[in-house]
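J.: Next come the chains, spelled out residue by residue.
Protein chains: 2
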Amino acid sequence: MTFANVGSLGVQPGRRDDVVAILTRRGTDLADAGCLLYEVGTNDDDPDTVFVIELWESADAHRASLQLPSVTAAIAEAMPMLSGAMGGFRFDVAGSPLRD
Amino acid sequence: MTFANVGSLGVQPGRRDDVVAILTRRGTDLADAGCLLYEVGTNDDDPDTVFVIELWESADAHRASLQLPSVTAAIAEAMPMLSGAMGGFRFDVAGSPLRD
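Protein chains in written order, with the working numbering: chain H, 1 to 100; chain E, 1001 to 1100.
The following block holds chain H by itself, in its conformation from the complex:
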């Protein structure tokens, strides 16, 4: 069942673009691990936050991805730039009006 993980990450002032750069670094590990969609972005009304939408083949695929060396390295790299504020939610996809 497709699994969705949506998050907001608070960042230290001025580090937003650095965190976006880490999270959007091109690679094949995520797709190989079952990541279907991974969109990173920002909102100028909330300049110290980075937003992420992820879709995965399953919740297990998402969970397993957190152990990938490239992912743990990216987390370690970004961690000093984060404020600790976090939000978001996770859900199982039931469907879409765009497809049968």
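Some hints here could point you the wrong way.
[As the list claims (entries may be wrong)] Using C-beta positions, here's what the derived DEER-type ranges look like:
id, chain 1, residue 1, chain 2, residue 2, range
1, H, Glu77, E, Arg1026, 41 to 47 angstroms
2, E, Ala1085, H, Ala21, 33 to 39 angstroms
3, H, Pro80, E, Ser1070, 44 to 50 angstroms
4, H, Ala59, E, Asp1048, 37 to 43 angstroms
5, E, Gly1027, H, Leu36, 20 to 26 angstroms
6, H, Gly27, E, Asp1046, 29 to 35 angstroms
7, E, Arg1025, H, Asp48, 35 to 41 angstroms
8, H, Pro80, E, Met1001, 26 to 32 angstroms
9, H, Gln12, E, Arg1063, 27 to 33 angstroms
10, E, Asp1044, H, Pro47, 31 to 37 angstroms
Source of the hints: derived by calculation from the structure; they are not laboratory data. C-beta atoms are modelled at their ideal positions from N, C-alpha and C, and glycine is treated no differently.
Starting from the structure of chain H, add chain E where the hints point.
T.: Just chain E now, kept in the frame of chain H:
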């Protein structure tokens, strides 16, 4: 610029699946209006909430879609089933590690 709208909708107890059914009703209006992705789902840990992830060609496309007759009709149909609790966020997509 691709625009993301992510939301959580609180529902009246027992009406979750009814709201999912309304939001996933197959149609072409959203795609015609510039909707790129529209995923609806649930989380059994939070049984009175419906979650939605949307990607749009632009924030303007999203805004305009709220005036579509099919959308206003769906909102009117779902409204009595909602609790009024709402959450979520909006952002401009900066990129994805899955593509160049």
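J.: For this structure, which hints from the list above don't hold up?
T.: 4
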